[in-house]
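There are 2 protein chains.
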Amino acid sequence: MSEIIPHWLQKQADISPEHLALETPEGKKMTFLELHEAADICAKKLAGIGVQAGSRVAVLSHNSIGMVVLVHALSYIGATLILLNTRLTAAEWSFQLKDSEADLLLLAAKYEEQASPLGIPVQTIEKLPEQESQGYSRHTELDLDDVFSIIYTSGTTGNPKGVEHTYGNHWWSAIGSALNLGLSKEDKWLSPLPMFHVGGLSSLFKSAIYGMPLYVTQGFDEEVVQTAITKHGVTIVSVVTVMLQRLMQLQEAEGITYPSSFRCMLLGGGPAPLHVLEEAKQRRIPVFQSYGMTETASQIVTLSPEDSIRKLGSAGKALVPAQLRIAGDSGLAKPEEPGEIQVKGPMVTKGYYRNPEATEASFQEGWLATGDIGYTDKDGYLYVLDRRKDLIISGGENIYPAEVEGVLTSHPCIKEAAVIGKTDDRWGAVPVAFLVKDKEISTEEMQDYCQGKLARYKIPKHWRWLDELPRNASNKLMRYKLQDQLGEEKA
Amino acid sequence: MSEIIPHWLQKQADISPEHLALETPEGKKMTFLELHEAADICAKKLAGIGVQAGSRVAVLSHNSIGMVVLVHALSYIGATLILLNTRLTAAEWSFQLKDSEADLLLLAAKYEEQASPLGIPVQTIEKLPEQESQGYSRHTELDLDDVFSIIYTSGTTGNPKGVEHTYGNHWWSAIGSALNLGLSKEDKWLSPLPMFHVGGLSSLFKSAIYGMPLYVTQGFDEEVVQTAITKHGVTIVSVVTVMLQRLMQLQEAEGITYPSSFRCMLLGGGPAPLHVLEEAKQRRIPVFQSYGMTETASQIVTLSPEDSIRKLGSAGKALVPAQLRIAGDSGLAKPEEPGEIQVKGPMVTKGYYRNPEATEASFQEGWLATGDIGYTDKDGYLYVLDRRKDLIISGGENIYPAEVEGVLTSHPCIKEAAVIGKTDDRWGAVPVAFLVKDKEISTEEMQDYCQGKLARYKIPKHWRWLDELPRNASNKLMRYKLQDQLGEEKA
Numbered sequence: 029m030s031e032i033i034p035h036w037l038q039k040q041a042d043i044s045p046e047h048l049a050l051e052t053p054e055g056k057k058m059t060f061l062e063l064h065e066a067a068d069i070c071a072k073k074l075a076g077i078g079v080q081a082g083s084r085v086a087v088l089s090h091n092s093i094g095m096v097v098l099v100h101a102l103s104y105i106g107a108t109l110i111l112l113n114t115r116l117t118a119a120e121w122s123f124q125l126k127d128s129e130a131d132l133l134l135l136a137a138k139y140e141e142q143a144s145p146l147g148i149p150v151q152t153i154e155k156l157p158e159q160e161s162q163g164y165s166r167h168t169e170l171d172l173d174d175v176f177s178i179i180y181t182s183g184t185t186g187n188p189k190g191v192e193h194t195y196g197n198h199w200w201s202a203i204g205s206a207l208n209l210g211l212s213k214e215d216k217w218l219s220p221l222p223m224f225h226v227g228g229l230s231s232l233f234k235s236a237i238y239g240m241p242l243y244v245t246q247g248f249d250e251e252v253v254q255t256a257i258t259k260h261g262v263t264i265v266s267v268v269t270v271m272l273q274r275l276m277q278l279q280e281a282e283g284i285t286y287p288s289s290f291r292c293m294l295l296g297g298g299p300a301p302l303h304v305l306e307e308a309k310q311r312r313i314p315v316f317q318s319y320g321m322t323e324t325a326s327q328i329v330t331l332s333p334e335d336s337i338r339k340l341g342s343a344g345k346a347l348v349p350a351q352l353r354i355a356g357d358s359g360l361a362k363p364e365e366p367g368e369i370q371v372k373g374p375m376v377t378k379g380y381y382r383n384p385e386a387t388e389a390s391f392q393e394g395w396l397a398t399g400d401i402g403y404t405d406k407d408g409y410l411y412v413l414d415r416r417k418d419l420i421i422s423g424g425e426n427i428y429p430a431e432v433e434g435v436l437t438s439h440p441c442i443k444e445a446a447v448i449g450k451t452d453d454r455w456g457a458v459p460v461a462f463l464v465k466d467k468e469i470s471t472e473e474m475q476d477y478c479q480g481k482l483a484r485y486k487i488p489k490h491w492r493w494l495d496e497l498p499r500n501a502s503n504k505l506m507r508y509k510l511q512d513q514l515g516e517e518k519a
Numbered sequence: 029m030s031e032i033i034p035h036w037l038q039k040q041a042d043i044s045p046e047h048l049a050l051e052t053p054e055g056k057k058m059t060f061l062e063l064h065e066a067a068d069i070c071a072k073k074l075a076g077i078g079v080q081a082g083s084r085v086a087v088l089s090h091n092s093i094g095m096v097v098l099v100h101a102l103s104y105i106g107a108t109l110i111l112l113n114t115r116l117t118a119a120e121w122s123f124q125l126k127d128s129e130a131d132l133l134l135l136a137a138k139y140e141e142q143a144s145p146l147g148i149p150v151q152t153i154e155k156l157p158e159q160e161s162q163g164y165s166r167h168t169e170l171d172l173d174d175v176f177s178i179i180y181t182s183g184t185t186g187n188p189k190g191v192e193h194t195y196g197n198h199w200w201s202a203i204g205s206a207l208n209l210g211l212s213k214e215d216k217w218l219s220p221l222p223m224f225h226v227g228g229l230s231s232l233f234k235s236a237i238y239g240m241p242l243y244v245t246q247g248f249d250e251e252v253v254q255t256a257i258t259k260h261g262v263t264i265v266s267v268v269t270v271m272l273q274r275l276m277q278l279q280e281a282e283g284i285t286y287p288s289s290f291r292c293m294l295l296g297g298g299p300a301p302l303h304v305l306e307e308a309k310q311r312r313i314p315v316f317q318s319y320g321m322t323e324t325a326s327q328i329v330t331l332s333p334e335d336s337i338r339k340l341g342s343a344g345k346a347l348v349p350a351q352l353r354i355a356g357d358s359g360l361a362k363p364e365e366p367g368e369i370q371v372k373g374p375m376v377t378k379g380y381y382r383n384p385e386a387t388e389a390s391f392q393e394g395w396l397a398t399g400d401i402g403y404t405d406k407d408g409y410l411y412v413l414d415r416r417k418d419l420i421i422s423g424g425e426n427i428y429p430a431e432v433e434g435v436l437t438s439h440p441c442i443k444e445a446a447v448i449g450k451t452d453d454r455w456g457a458v459p460v461a462f463l464v465k466d467k468e469i470s471t472e473e474m475q476d477y478c479q480g481k482l483a484r485y486k487i488p489k490h491w492r493w494l495d496e497l498p499r500n501a502s503n504k505l506m507r508y509k510l511q512d513q514l515g516e517e518k519a
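Same order as they appear, the protein sequences are chains A and B.
When the letters of the first sequence are read in order and numbered with our numbering, they come out as residues 29 to 519.
When the letters of the second sequence are read in order and numbered with our numbering, they come out as residues 29 to 519.
Bound-form chain A, shown alone:
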């Protein structure tokens, strides 16, 4: 049965009008009443340029208070929000705008020039206040079955697919997280992850659903994050591995420890190397490892700090409203047996926009088939081995890049490492290492270092040294760029 709840922002404006809703490093602050009023004014401006219930509005912006206001304003109107990644090319945006049937593109002024040839009406967020206001019928209730947002994700093959999130998906994601982390009146959440990814977007909804202040930063800057934790009362930060590493380097450089009020470093975006987790443990940083994807509206599996040593390297267990299983080659996998990670729960997307084939292909008996490879140990803890597309099969043996990368980055001279497969006439595929060094070291020394730590077939057969690894806006490694590089070398 479809559930109806009051609009979460309007609710907080009613029950917690004077509570802080938003804060920035520049010292700008907004209460829930002010945020509600700003969203209402914004909705009137949007109505003035023709946005109405059912409109399909794309947004292209870095994180800002303006973006938060805009997202809530679109829900007040009852429009659908399509989020575009600021790092894509115009051609990629164009595909997503067409595929999502967007009526209008709202963007931060700095992207105006890039987006001008997209053949869609464009409005800059900065100039929206100059538009005429018009009345609109505010959606004071949210139907949890209604789709609110669409975020594109790439599959192993084919075009990107628009993941639809209902209001219910966002609600349940926030509730699942609260049941895991607890809820305190003292909480203040900082997410340096972009809001055009679901990991960043989810913090915006948590703020409205919990009545909790959100600390809004334009992007990731370790100085800003550290100051927010040590000086501005931030208690929870969402990060990916490379951000955690940079934060710890800064701690080391400046001899800083975090106050005990800092209670959660929510770590997502791929498996973290053990030595990173060990260092965080030494620094008493309460790291909650997590596993999730766009389709799960943020994390769906997490590991608590108290388990982080006992179950080092695990992503943990499914959140209270969620379930996890491993599909083997025939039926469900046994403990310790790798297979496809499948998840289920009310935060999981109901499907891809206008793509019933992809939707059908992704679900089995109500379970989302993630395409990721992992296993559960005898206690039911999930270990993510790798994304299925990254699996390297060499001479019949499976090689999981994350495992090899963990060994490579454990060397003190290595800053970052990525491993991908290269087609090979004899073995089918062989692993190739891409390395970023911290201190001088040779390929031969690295080969020696791997002996005894990795089975022979897992040791990279080719070595490439780079200045930095290619990463996307949320700092996630873009392996396909490395594949491209290998391809060019071949040609």
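Check the hints yourself; a few may be wrong.
Label-pair distances were calculated between CB atoms; the ranges are [to be verified]: (1) B:T168 to A:R492: 46 to 52 Å; (2) A:D171 to B:Q479: 40 to 46 Å; (3) A:P363 to B:L340: 55 to 61 Å.
Only some residues are given here: those of chain B computed to face chain A with a beta carbon under 8 Å [stated by the list, open to error]: (4) K39; (5) I43; (6) I203; (7) A206; (8) L207; (9) S212; (10) K213; (11) I237; (12) G247; (13) E251; (14) P349; (15) Q351; (16) P374; (17) Y409.
No lab work stands behind these hints, which were simulated from the structure alone.
Remember, predicted model here, so these are calculated numbers, not experimental data.
Using N, Cα and C, we set each Cβ at its ideal position, and we do this for glycine too.
Let chain A serve as the given structure and place chain B on it in line with the hints.
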């Protein structure tokens, strides 16, 4: 869309197996894994006596670990739970058992004799372990749209009605409460309210959904509750007004203050007198006033301690997933204008069992028409003026005058009867009978007559004999004239 979540108890047994689930004043403790195993064993015993998915099982018991285990066991099997009030008479039980189409009555041994003539298969909870075990198919998932429990409530007229609660109603009630009170790993909840009422039952589900220990007491004893707070780490207690008063009297007598870890006294079951709230404020007891009823699966409106002085006497605002409105004579009431309190939200029952007329009569456009009278002030805070017109709330138990009047007039010597509430220092209110006799009969004879027909708390505590009842021109009873008469007696 119907949402599926993993069974909440099995989930806690998986993610928090070693966490404390239950504790008693006698020092008995049970972890979530132990509780899960006990519920599983209990389910096998129930299967052994023929209980299966879809069975309708009535339970008649005071609070105990055995009752908690039983409730979870019934959900593992997929049976429907019908909760009987232990204070009712055999005649009242009989009606509810028939109306709910119960297949079986499970009861604490002490009620066996009273319940033996009910004409339904009976099994004592204490002797259930002696039964043969049988395999069953455990419900590892909960469909939030499925009805799990039925609790009877009386209306102003007619027979008691069976309020159906879905798993979703209980889930949303627990989540609404968590968003209001926050969630801490340190929490331990004590509810001395009986679990056959929804206020007591809800704490059992909160325990499983939050992964939080429940401190189980057989009933209310102020010494036990005080010791639980001061010595056993209880952080939240659910009470009705009379319990709060007795706790404060004990504090006064023993010079006790509660530790700062005690963070919530959740007060329900009818409006609290101002002097009680003021005394609690002086004693720094963090009282959260609340308003709710069986139909809302526990509280739906609450007032935080920080507002308790500024808004003294208010029940507060609707929980995050809930809404509140006041229906006036024509359309919605303005601020300060009294009218019928109406509520909406996913914790509100979908209706009464096998009683579509009552269900239809209780809902207007998706809003539950509570029958209670109140108003909201200009800031939107609810003030409850009167419960369901004539409802008498005595020590947290609801007494419906129509039901008592029906028993009184069934006596051949009684021509007319009217029952109203009289304020009482200990119980909040007690029922008073106004009688017009047809033939000679004494108060004592009437008292005897009520025994066995009415639960003890429903039997009038004061008796008045009149020549006729005050009625208006259209022969409608003017209860306020009886109230006036009581007032004059006092003066």
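Status of each hint after checking the structure:
Restraint check, B:T168 to A:R492: a C-beta distance of roughly 48 Å satisfies the suggested window 46 to 52 Å. The hinted range of 40 to 46 Å is not satisfied by A:D171 and B:Q479, whose Cβ atoms lie roughly 52 Å apart. For A:P363 and B:L340, the Cβ-Cβ distance of about 58 Å falls inside the hinted range of 55 to 61 Å, so the restraint holds. Among the interface hints, the one on B:K39 holds; its C-beta lies about 6 Å from the nearest C-beta in chain A, closer than the 8 Å criterion.
Annotation: B:I43 was flagged as interfacial toward chain A, and the flag holds, the nearest CB pair being 5 Å apart, inside 8 Å. Of the supplied interface hints, the one on B:I203 holds, with its beta-carbon coming within about 6 Å of a beta-carbon of chain A, less than 8 Å. For B:A206, the suggested interface contact is upheld, since its CB lies about 6 Å from the closest CB of chain A, less than 8 Å. Interface hint status for B:L207: upheld, as the beta-carbon distance to the closest one in chain A is roughly 7 Å, under 8 Å.
Annotation: B:S212 was flagged as interfacial toward chain A, and the flag holds, the nearest CB pair being 6 Å apart, inside 8 Å. Residue-level restraint check for B:K213 holds (minimum Cβ-Cβ distance to chain A is 6 Å; threshold 8 Å). Residue-level restraint check for B:I237 holds (minimum Cβ-Cβ distance to chain A is 7 Å; threshold 8 Å). Residue-level restraint check for B:G247 is violated (minimum Cβ-Cβ distance to chain A is 30 Å; threshold 8 Å).
With its C-beta approaching chain A no nearer than about 31 Å, B:E251 sits outside the 8 Å limit, and its interface hint is violated. Interface hint status for B:P349: upheld, as the beta-carbon distance to the closest one in chain A is roughly 5 Å, under 8 Å. Below 8 Å, beta-carbon pairs count as interface contacts, and B:Q351 has one with chain A at about 5 Å; its hint therefore holds. Interface restraint check: B:P374 against chain A, minimum CB-CB distance 4 Å, threshold 8 Å, status holds.
Interface hint at B:Y409: violated, since its Cβ lies 10 Å from the closest Cβ of chain A, which is beyond the 8 Å cut-off.
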